[in-house]
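Using the hints, position chain B against chain A.
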Amino acid sequence: MPMDGGYTIVTQDNCISNSVPLLSYITENDSTLKYTPPFPRIESRVTHALPKDLDNISLLESNLDSLKTRLSLK
Amino acid sequence: MPNLDHDSLGEGMDDRICFLQHQLSQHPYIGWGEMPFTYNDRIETSLETLPKKYHSAAISLFASVVYLPKIWLDEIWRGVALELMLLNNSRKMDFKNALILAVDDPGILTNFTRVAKIPGREDSDNNPNFGTTSKLIDALLYLTLSNNDSELLNSVKVAVNKKWWVLLADNVISGSSAKNEIEKLHKIIGLLYQSQIICSEPRIVLCTQVVTQHALKVLDIFANLPVIYGLKFDDTYRINSKDCLFYKRQSTLSQVRELCEWFGDSLFLNYSQKVFQDRLNLHRKKGGQLNYAYGWRVHDSDTG
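Chains as they are written, first to last, in the numbering used here: chain A, 26 to 99; chain B, 12 to 315.
Same shape as in the complex, but just chain A (with noise of 0.2 Å):
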């Protein structure tokens, strides 16, 4: 069996998203089956977007004699 969540741990701000779903996921309107959970979740990531923090850590990398030279560190 694959290692998804399967936890059952809720905090008082949320439920966590690898716990299992059955406790937290709200149906949408357009949904056949209409669900309320006993803690529906609030996810905190809407769109699941790629982030950009490797790529600007490359861009550093490739500029790092001009931070070098603001930061004058050395």
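These aren't lab readings, by the way, just hints derived from the structure by calculation. Fair warning: there could be bad hints in the mix.
[Said to hold, decoys possible] As a list, the in silico SDA-like pairs of lysine to any residue whose alpha-carbon atoms are at most 20 Å apart:
| hint | chain 1 | residue 1 | chain 2 | residue 2 |
| --- | --- | --- | --- | --- |
| 1 | B | Lys146 | B | Lys190 |
| 2 | B | Lys195 | A | Ser97 |
| 3 | B | Lys81 | A | Gln37 |
| 4 | A | Lys77 | B | Asp289 |
| 5 | B | Lys285 | A | Leu96 |
| 6 | A | Lys59 | B | Gly42 |
| 7 | B | Lys285 | A | Asp80 |
| 8 | B | Lys198 | A | Asn81 |
| 9 | A | Lys93 | B | Leu164 |
| 10 | B | Lys63 | B | Asn51 |
| 11 | A | Lys93 | B | Asn191 |
| 12 | A | Lys93 | B | Lys190 |
| 13 | B | Lys146 | A | Leu96 |
| 14 | B | Lys285 | A | Thr52 |
| 15 | B | Lys64 | A | Lys93 |
| 16 | A | Lys77 | B | Glu269 |
| 17 | A | Lys93 | B | His197 |
| 18 | B | Lys198 | A | Lys59 |
| 19 | A | Lys59 | B | Glu272 |
| 20 | B | Lys81 | B | Ser36 |
| 21 | B | Lys146 | A | Asp80 |
| 22 | B | Lys198 | A | Gln37 |
| 23 | B | Lys168 | A | Ile82 |
| 24 | A | Lys77 | B | Asn191 |
| 25 | B | Lys64 | A | Leu58 |
| 26 | A | Lys59 | B | Glu269 |
| 27 | B | Lys107 | B | Lys168 |
| 28 | A | Lys77 | B | Thr155 |
| 29 | B | Lys174 | B | Tyr204 |
| 30 | B | Lys190 | B | Gly142 |
| 31 | B | Lys173 | A | Ser97 |
| 32 | A | Lys77 | B | Leu196 |
| 33 | A | Lys77 | B | Gly201 |
| 34 | B | Lys190 | A | Asn81 |
| 35 | A | Lys93 | B | Lys173 |
[As the list claims (entries may be wrong)] Rough simulated footprint, nothing fancy, chain B against chain A, three-plus residues with beta-carbon under 8 Å:
| hint | region |
| --- | --- |
| 36 | 33-39 |
| 37 | 55-68 |
| 38 | 84-93 |
Beta carbons are placed, not taken as given, at the ideal position from N, Cα and C, and that holds for glycine.
Relative to chain A, chain B alone:
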């Protein structure tokens, strides 16, 4: 009390639900808003839409919730701050030699410093408030393009010279977000050190309220990474693990799993909303189960 047959599977669910009911009456779940719900009310509402044959399994699942009130989690932050202080060989915890960043949400940092009574969060001379790793990267990158922002320049100078880089997360369940953040911090430190912008490498520490045994294994790839945490959950707390210990009888666990699978098949396989489809696709790409029956895939290197 509503007439729910909590104990039809002979698992002693009544006591567990009473305990949760008590916890929730003292520390209501934020998502319930101001409505005066009881746990029994919530369970009854949830059962309304589930087929009758799954009611006992659903009650068994709802009775197995591990509910963590904020008051406990705040106490954990205080304990974590104390351990951090010991690791730091310091008699008091402050921002003077630590750069504190949060995974995803800078609000965690505010909460941590408030409840752990760590002074100086807004002292910009000691604590350049970048909040998250992303903001620190943005600031460094911005400096490569502009030399007109002396305030930012000073903040970055202070930040990169801290002896400790502390990463805060409210929970580390899969370990993948924390792992990604730590990898980014290592990359930044490596670049700064190689180019002699800093003379010594700061030590990274991960602090979290809740961690899983699984996440600790994922984080094992970092040699000598101190992970300070309050609560640790192992696989006995996972419905889909062979080690699950929630129930006395294997048949109860099987029924709970059957319910989860039914829910996944009935709901997620037919789901049309784009936002959630994106989430499902990402989950499946990581090797997660097609019907999302147990929630978010924990890590892409898992083999089960």
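Practice prompt. Quick one: which hint numbers does this structure break? Sort them smallest to largest.
Written response: As far as the earlier hints go, 2, 5, 7, 11, 12, 15, 16, 18 and 22 are violated by this structure, in ascending order.
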